[in-house]
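Take these sequences, add in the hints, and give me the full structure.
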Amino acid sequence: MQNTSFFKEDLASSELPHLSTKSRFLASLFTFLAERRVPLSYDVSIAGRPVCLCTLYRKVSELGGYDEVCKSGNEQWKNIAQSLDLPGPNVGRKLASIYFHYLIAWELKDKWDLTPPHVDLLENSNYRDHIVDRIKALEEKPVAEAKDAIAFTIKDTNEVNPPAASMHNLPSIRSFYENDTETSNNQKKSSTPFDTLLPNNMYFASSTLPTAQIRALPLPSTLNKLTQPPAAATPKLGMGLPGPPLLVRVSLAMKSNFPDEVDWALGHLIKISFERSQEFKLKRLPGLAECLMEGLRQQITRLHYYQHEDTYYEHLDRALAAALVLRNAVLNLENAQHVALSSHVADILELGVRCALEVKCTELLQYILDIAELEASYISITSEKNELYKTLCRLLKSQDRSILIAALRTLARLALNDDNNRLLQDIDDEAIGRVIMLTATEDEEVIGATLDLLYQYTTYRSNTQALLRRSDVWTLVEHLIRLMLFQAQERYMAIHLPTLNASSENTGYVGLPLSELQQLLSVQEPERCIRWMRMCFDANPKDCVLQTDIWQLYCSNMEKIQGSSQMGISPADFIKVSSHAFPNARAMTVATPKQPVEYVINGIRRRRVPLSLQGERFETCLWKHTNGPICGAQLAGPSALYAHVQQHIASMPTVPTTCQWANCNYSRLPSNGVAGRAIAAGIVAHMLTHLPPPPSKDLLPSIFGRQTSATKDFRVPLLQTAVDERGDATGTALTATLVLRNLVRSKQGRILFTVIERRVINISTVNPSIAPYISEMLLGQP
Numbered sequence: 001m002q003n004t005s006f007f008k009e010d011l012a013s014s015e016l017p018h019l020s021t022k023s024r025f026l027a028s029l030f031t032f033l034a035e036r037r038v039p040l041s042y043d044v045s046i047a048g049r050p051v052c053l054c055t056l057y058r059k060v061s062e063l064g065g066y067d068e069v070c071k072s073g074n075e076q077w078k079n080i081a082q083s084l085d086l087p088g089p090n091v092g093r094k095l096a097s098i099y100f101h102y103l104i105a106w107e108l109k110d111k112w113d114l115t116p117p118h119v120d121l122l123e124n125s126n127y128r129d130h131i132v133d134r135i136k137a138l139e140e141k142p143v144a145e146a147k148d149a150i151a152f153t154i155k156d157t158n159e160v161n162p163p164a165a166s167m168h169n170l171p172s173i174r175s176f177y178e179n180d181t182e183t184s185n186n187q188k189k190s191s192t193p194f195d196t197l198l199p200n201n202m203y204f205a206s207s208t209l210p211t212a213q214i215r216a217l218p219l220p221s222t223l224n225k226l227t228q229p230p231a232a233a234t235p236k237l238g239m240g241l242p243g244p245p246l247l248v249r250v251s252l253a254m255k256s257n258f259p260d261e262v263d264w265a266l267g268h269l270i271k272i273s274f275e276r277s278q279e280f281k282l283k284r285l286p287g288l289a290e291c292l293m294e295g296l297r298q299q300i301t302r303l304h305y306y307q308h309e310d311t312y313y314e315h316l317d318r319a320l321a322a323a324l325v326l327r328n329a330v331l332n333l334e335n336a337q338h339v340a341l342s343s344h345v346a347d348i349l350e351l352g353v354r355c356a357l358e359v360k361c362t363e364l365l366q367y368i369l370d371i372a373e374l375e376a377s378y379i380s381i382t383s384e385k386n387e388l389y390k391t392l393c394r395l396l397k398s399q400d401r402s403i404l405i406a407a408l409r410t411l412a413r414l415a416l417n418d419d420n421n422r423l424l425q426d427i428d429d430e431a432i433g434r435v436i437m438l439t440a441t442e443d444e445e446v447i448g449a450t451l452d453l454l455y456q457y458t459t460y461r462s463n464t465q466a467l468l469r470r471s472d473v474w475t476l477v478e479h480l481i482r483l484m485l486f487q488a489q490e491r492y493m494a495i496h497l498p499t500l501n502a503s504s505e506n507t508g509y510v511g512l513p514l515s516e517l518q519q520l521l522s523v524q525e526p527e528r529c530i531r532w533m534r535m536c537f538d539a540n541p542k543d544c545v546l547q548t549d550i551w552q553l554y555c556s557n558m559e560k561i562q563g564s565s566q567m568g569i570s571p572a573d574f575i576k577v578s579s580h581a582f583p584n585a586r587a588m589t590v591a592t593p594k595q596p597v598e599y600v601i602n603g604i605r606r607r608r609v610p611l612s613l614q615g616e617r618f619e620t621c622l623w624k625h626t627n628g629p630i631c632g633a634q635l636a637g638p639s640a641l642y643a644h645v646q647q648h649i650a651s652m653p654t655v656p657t658t659c660q661w662a663n664c665n666y667s668r669l670p671s672n673g674v675a676g677r678a679i680a681a682g683i684v685a686h687m688l689t690h691l692p693p694p695p696s697k698d699l700l701p702s703i704f705g706r707q708t709s710a711t712k713d714f715r716v717p718l719l720q721t722a723v724d725e726r727g728d729a730t731g732t733a734l735t736a737t738l739v740l741r742n743l744v745r746s747k748q749g750r751i752l753f754t755v756i757e758r759r760v761i762n763i764s765t766v767n768p769s770i771a772p773y774i775s776e777m778l779l780g781q782p
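Once you know that position 241 of the sequence shown is 241 in the UniProt record's numbering, the rest is easy, because the numbers rise by one and skip nothing.
Keep in mind that the hints are not guaranteed to be accurate.
[Said to hold, decoys possible] Heads up, simulated DSSO-like pairs for lysine-lysine below, C-alpha to C-alpha not over 27 Å straight-line:
| hint | residue 1 | residue 2 |
| --- | --- | --- |
| 1 | K109 | K71 |
| 2 | K78 | K94 |
| 3 | K59 | K78 |
[As the list claims (entries may be wrong)] Label-pair ranges, simulated between beta-carbon atoms:
| hint | residue 1 | residue 2 | range |
| --- | --- | --- | --- |
| 4 | D443 | E490 | 18 to 28 Å |
| 5 | L252 | S277 | 16 to 26 Å |
| 6 | R758 | A650 | 57 to 67 Å |
| 7 | G433 | S277 | 33 to 43 Å |
| 8 | R758 | Y642 | 48 to 58 Å |
| 9 | P39 | E314 | 44 to 54 Å |
| 10 | S277 | K360 | 21 to 31 Å |
| 11 | P638 | S667 | 15 to 25 Å |
| 12 | E314 | V248 | 20 to 30 Å |
| 13 | T382 | Q298 | 19 to 29 Å |
| 14 | R758 | Q646 | 47 to 57 Å |
| 15 | P242 | N420 | 45 to 55 Å |
| 16 | A650 | E527 | 32 to 42 Å |
No wet-lab data here; the hints were simulated from the structure.
Backbone N, C-alpha and C define an ideal beta-carbon position, used for all residues, glycine too.
Here you go:
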C-alpha cells in the first residue's frame, strides 16, 4: 500500500513539524472535515488546556494508529495525555474521543489510504472498536459470488495451508455499523491487524466482527423482512441503525400518502389489529386514526370516479384494508372513543355505506356498518335529516341478514344517545311493518336487534300511539308475549308449606275500627291497600293466604266507607301490590286438600288483632255495663284501653265493689276505716291485670276458616329465562317485556292490556325473573 501520510518525513525524523507544516496540516484537516460536514472547533481543549491536533495525530501515528493505541485499553491514551501535559480525570477517554471525532477519518485517508464511511456511520457512531481492521476487511479482500451472503477469502502469508472460508463463518457487511461485542478475558489478542479477525483460530462470524442483535418485532410479518445490504452497497445515511419502532414507522408511512408506503403500512396494520388487538392503541400513535379515516374517505371517493379505470381495484383494495383496520381497532372501546373524536366521522361512514351500495361491494358495506355500530355509542346525531341516519333507515328494508342486523343495532344505539329526542319518529310505515314481521322469526340475533330498536321506538308517546293504531299491532303483541318466555328452561322450586285442614272455626278475628278505615279513605291507591295489608297482615315465610280471601276482606272493609262500586284498584293490581307491602311475599299456586290448584300469596299471614295507622295494636274493651252488654270498643294500645276503663268506673252512680271485666270474679267489700274512694282505686288497680301483654306471635291461621297441621313439600314448576350473574333478568325475554310495558302505558294501551292481563300475570307466576317488570306494567295503568 502506498503511504501517502502527510507527515511522512516529519514522523520519520521524530521531530515536531515546523510552523508552516503544522499550519498546512491544520488547513488541510479543516478543509477535509468541512467537506465531511463534521462540526469544527478551532479551540479544542481539555480542562482548559488546548489540544494540538497536529501533535496528537503525530503521536498516535508513531504508535501505529488508532486501533493499535486502543488495543491496550485506556493506558496508551493516558500516556499520550501526560506527554501533552493534559490534566484531569478520565483524560485518556476524553483524548480518545477528540481523536475519534476530528482525526479518525483523516487517519483512514492519510495513513491507510482507505475511504472513510459517511460521518453518521463513523464520527457520529458509537461503534469505535477495530475501525481500520473492519474497513480493510471490506475493501481489500475479494468478494465471493453468492446470492444471499457475502464471503471473504482471507489469506495469511504466515500460514502454509490456510483454512477455507465458509459462508456461514464470514462476517456480515452490516456488522461495520453494529456495536462490537465484548472480548473474552481468555481470548488472545494478535499483534497483526488481521489476526484479530481469527481469534483462537476459530472461524465464526461472531468471533471476528460483531453481528447485529436482531430484536423481536412487535409482530412477525413477511412484509418486513430484515435483509442485509449487498456487498458492494455504498454506505448511506441511516444504514445499520435500528430505526423507529414498527408502529411509528407504520404511522409515518400512512401520513406520507405514497401508494407503496401506504400499502406496506396497511398490510402491517391488518395483521397487528387482528393478532394484537388488545395491544393496538390508536391514542399511542397520534394522527393514525385521522389518517385512516381520511384515507378511507379518499379511497371511497376514488371508487366512485374510477369505476371503469384500471386502477379501480387498487383503490378498492386500499379502501377494504383501511376499513378492516378501523373495524378491528374499534372493537376496543378505547379505540372507538378515540376514533369518535375525529372530525366528520358520521359523514365518512355515510359516504362509505352509499359508495359500497353503489359499487355493490358487500364486504366493504359490512365493514362500514360494523364501524358505524361500534361508533354509534360515542357519536351524536342531532337531526333526523342526517344522511347517515336516513341511509340506515332505508337499510331496514334490506334482505341481507347481516346488513339488517347492523342497521337495527346502529339505529338503536343512535337513539339511545339522542339527547334532542329527534330520531326514530319519522320511520315510514313500510319499515315499521318489516320490523314487526321480524319478531316472528326464530333467529336470536335478529330478534334481539329488532327488540332493541322497538324498545327505543316505543319510548316516544307519538310512536306508541301510531303503533297501536296499526292493524298488525295484535301480531306484535302476540309475539311479545311469546318472547317473554324465549328459550325458557324448566326448573322446579321446592316450597315447604303446612297442609290445610278444613275447619269451620273463625274465632278471634278483630276487624278494623271504622275510624281507621275512614283515615285510609284519604290515601290514594295503591298506597291505601299497602297500608291496609300492613295493618291486617304480618310477614311469615312459612305461611300463606288465599288470594280470593284477602281480596274479599279488603272489599268488605272498603264497602263500609265508600260503597261497592267505587273500588280504586283491580284484583290483579291488588295481588301484585302485596310484594310492595311485604318484599318477600310472592303470588303463586299450590295444591290443597280441597283444590288441586289454588292461588295464594306466600310469605304473609293474618294478624289476630290489627294495628293502627301508627303501628299500635288494637284492643277490645270487655267491660260489662250494669245489667247491660259488653262495651266492645276498639282502643289503639293499652294506654288508651286503661283510660277508657277508668271512664267506665268514674261514670258509675255508686262505688263499684266488684270487677265487671268480662267474667272476672274479683271483689273488694267495704270495711271499717276504708273509704269508698279507696275501694274504687283498688278496682282500678286491679284492672291492670286485664290489660293485654306485649304483642305475641299467636296469630290466626293464614287461610280463613282453616287451621294448619303438619308441613308438606311442594315442587313448583318454573320457566326460567336468561339471567345475569346477579340473578336479574336479561336478554330477549326482558326486552320483550319492556316493549310491552311501553305499549300498555298509554291510554290506548289500557284496552289492549285488559285482553292480555291474565296471560301476563300467568307468565309472571312461572317466570319470576321478569315478575318485577310485569309488576311495573300492572301498577303503571292509568
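The hints, checked one at a time:
About 21 Å separates the Cα atoms of K109 and K71, which keeps this hinted pair within 27 Å; it holds. Note on K78 and K94: the hinted pairing holds, with a Cα-Cα distance of about 10 Å set against a maximum of 27 Å. At most 27 Å may separate the alpha-carbon atoms for a hinted pair to count; K59 and K78 meet this at roughly 12 Å. Range check, D443 to E490: Cβ separation about 23 Å, and the 18 to 28 Å hint holds.
Checked against the given bound of 16 to 26 Å, the beta carbons of L252 and S277, roughly 22 Å apart, stay inside it. For R758 and A650, the hinted distance range of 57 to 67 Å is satisfied, since their beta carbons lie about 59 Å from each other. A hinted range of 33 to 43 Å holds for the C-beta pair G433 and S277, which are about 39 Å apart. Remark: the range hint 48 to 58 Å for R758 to Y642 is upheld by a beta-carbon distance near 51 Å.
As the Cβ distance of P39 to E314 is approximately 46 Å, the hint placing it in 44 to 54 Å holds. Judged by the Cβ atoms, the range 21 to 31 Å given for S277 and K360 holds: they are separated by roughly 29 Å. In this structure the supplied range 15 to 25 Å holds for P638 paired with S667, their Cβ-Cβ distance being about 24 Å. Separation of E314 from V248 is about 26 Å and conforms to the stated range, judged on CB atoms against 20 to 30 Å.
For T382 and Q298, the Cβ-Cβ distance of about 27 Å falls inside the hinted range of 19 to 29 Å, so the restraint holds. Between R758 and Q646 the C-beta distance comes to about 55 Å, which sits within the given range of 47 to 57 Å. Distance hint for P242 and N420: a CB-CB separation of about 53 Å, consistent with the stated range 45 to 55 Å. At roughly 40 Å, the beta-carbon separation of A650 and E527 lies within the given 32 to 42 Å, and the hint holds.
Taken one by one, the earlier hints all hold for this structure without exception.
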